[in-house]
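A.B. asks: Each chain, written out:
2 protein chains.
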Amino acid sequence: MLNEIIKKITEEYSVLSNETIDKWKENIKVLEFKKGTQLVKEEKFTNKLYFIYKGSAKAYHLKDGKIITDWFAFNNEFICAITGYFLKEPSEHCIELTENSIILEFEREKLTELSNKFHDFERFSRKIITKIMLQLQKRVVYLQFSTANERYHFLLKEYPKIELHIPLGDIASYIGITQETLSRIRAKK
Amino acid sequence: MLNEIIKKITEEYSVLSNETIDKWKENIKVLEFKKGTQLVKEEKFTNKLYFIYKGSAKAYHLKDGKIITDWFAFNNEFICAITGYFLKEPSEHCIELTENSIILEFEREKLTELSNKFHDFERFSRKIITKIMLQLQKRVVYLQFSTANERYHFLLKEYPKIELHIPLGDIASYIGITQETLSRIRAKK
DNA sequence: AGCCGAATTTGATTTATATCAAAAGTTTTG
DNA sequence: CAAAACTTTTGATATAAATCAAATTCGGCT
Numbered sequence: 049m050l051n052e053i054i055k056k057i058t059e060e061y062s063v064l065s066n067e068t069i070d071k072w073k074e075n076i077k078v079l080e081f082k083k084g085t086q087l088v089k090e091e092k093f094t095n096k097l098y099f100i101y102k103g104s105a106k107a108y109h110l111k112d113g114k115i116i117t118d119w120f121a122f123n124n125e126f127i128c129a130i131t132g133y134f135l136k137e138p139s140e141h142c143i144e145l146t147e148n149s150i151i152l153e154f155e156r157e158k159l160t161e162l163s164n165k166f167h168d169f170e171r172f173s174r175k176i177i178t179k180i181m182l183q184l185q186k187r188v189v190y191l192q193f194s195t196a197n198e199r200y201h202f203l204l205k206e207y208p209k210i211e212l213h214i215p216l217g218d219i220a221s222y223i224g225i226t227q228e229t230l231s232r233i234r235a236k237k
Numbered sequence: 049m050l051n052e053i054i055k056k057i058t059e060e061y062s063v064l065s066n067e068t069i070d071k072w073k074e075n076i077k078v079l080e081f082k083k084g085t086q087l088v089k090e091e092k093f094t095n096k097l098y099f100i101y102k103g104s105a106k107a108y109h110l111k112d113g114k115i116i117t118d119w120f121a122f123n124n125e126f127i128c129a130i131t132g133y134f135l136k137e138p139s140e141h142c143i144e145l146t147e148n149s150i151i152l153e154f155e156r157e158k159l160t161e162l163s164n165k166f167h168d169f170e171r172f173s174r175k176i177i178t179k180i181m182l183q184l185q186k187r188v189v190y191l192q193f194s195t196a197n198e199r200y201h202f203l204l205k206e207y208p209k210i211e212l213h214i215p216l217g218d219i220a221s222y223i224g225i226t227q228e229t230l231s232r233i234r235a236k237k
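As given, the protein sequences belong to chains L and P, one line each in that order. My numbering applies: residue 49 is where the first sequence begins, and numbers increase by one. My numbering applies: residue 49 is where the second sequence begins, and numbers increase by one.
Repeated chains share a single entry, so a pair holds when one copy, or any two copies, can fit it.
Only pairs whose alpha carbons sit at most 27 Å apart, straight line, appear in this in silico DSS-like list of lysine-lysine:
#1 K114 / K83
#2 K111 / K92
#3 K102 / K56
#4 K205 / K136
#5 K236 / K111
#6 K186 / K175
#7 K205 / K92
#8 K136 / K55
#9 K56 / K82
#10 K56 / K209
#11 K175 / K55
#12 K77 / K158
#13 K175 / K77
#14 K73 / K96
#15 K136 / K179
#16 K165 / K56
#17 K175 / K73
#18 K186 / K205
#19 K71 / K165
#20 K136 / K186
Think of the hints as simulated: they come from the structure by calculation, not from any bench. Nothing here was measured: the structure is a model prediction, and the numbers come from that model.
Using the sequences and the accompanying hints, generate a full structural model.
C.D. replies: Now the structure itself:
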């Protein structure tokens, strides 16, 4: 199974030599958890990057006691507690599985080591980060100046089946509106 | 001058070998332009990355005929028309100098070539993108759920002197509010 | 220096969305 | 399979910020 996943990932991002893949494989953990499992808890240091093989996860943080959803990941997507992982600060973000999932877990230090050792892995890392960066860029554009209705339809275009996996409140939070507003938007079309 | 700039950049992001630096230098253009110069015009393909040595620039796009500011860059920061540069699509974004500036210009294809050839340059590229990604991440957080007032003070914390360089309307647009609202916020403290 | 156009402020009004509250549906689970 | 515990919907009201409009201030230019 791992070989198959790696094939898929490298096809999407960039090709790796067999040597690099072999070294990489030594450090990959394949894990299976139930819905609701917390992969990262708030205020903990985290050095893990996750890849959702099957299932889904969300990252969120708390503001004034309310849950704010930061990120979703579905099949074949990466997720991490972004400030915790990249800035090596205690994480403001939690990561929680939103369905029973099979995931891959990578350790930052191992990935850094691989990036230092293998040029192709460094490129691979850059591609992954570039994709995350572009996703964030898109979100900024629609968060900056669009109505609740536009945000919702933009999200649906990106993730047409999101409502099958994620509760309404989390979706609303992700696009920066309340769940009541989202419910009303949905009601009228 | 170029040597000094390169020293500064590599210190901030990651160290490069002399060989890499030499090859890189062959492809760097140092340019000087007046305030108001458009580095990237809308709907054009763009393959340039810019570095502001002295001065400032903004990226913006139009929505319903209104200018929406996407990005600012000041001394020692990078800027590009992000979707145009990374996705190789015609750019939705324009880049305009907001002051008389001295800038460096890099070409995507040359940078790609350097990244392919030199492992250290690949790492350097990754670091630059990572920084952009983290900036975007911060913006998402405050655009998602905060008041006009919070956004303004967050921005001031990041760029304390921004008001000396950038007109109020552009600042307001960057944080997703109207300039009238920003003016009122400023009036009351 | 003083004029003109641009940028900013101030005022009145409207509007989208938040908030608070309660009812109706859905899952989960013992 | 019923009770409990969430989730979603619906309703009434409040509010932050947008919009529209005009007045004022600022800053570059001859």
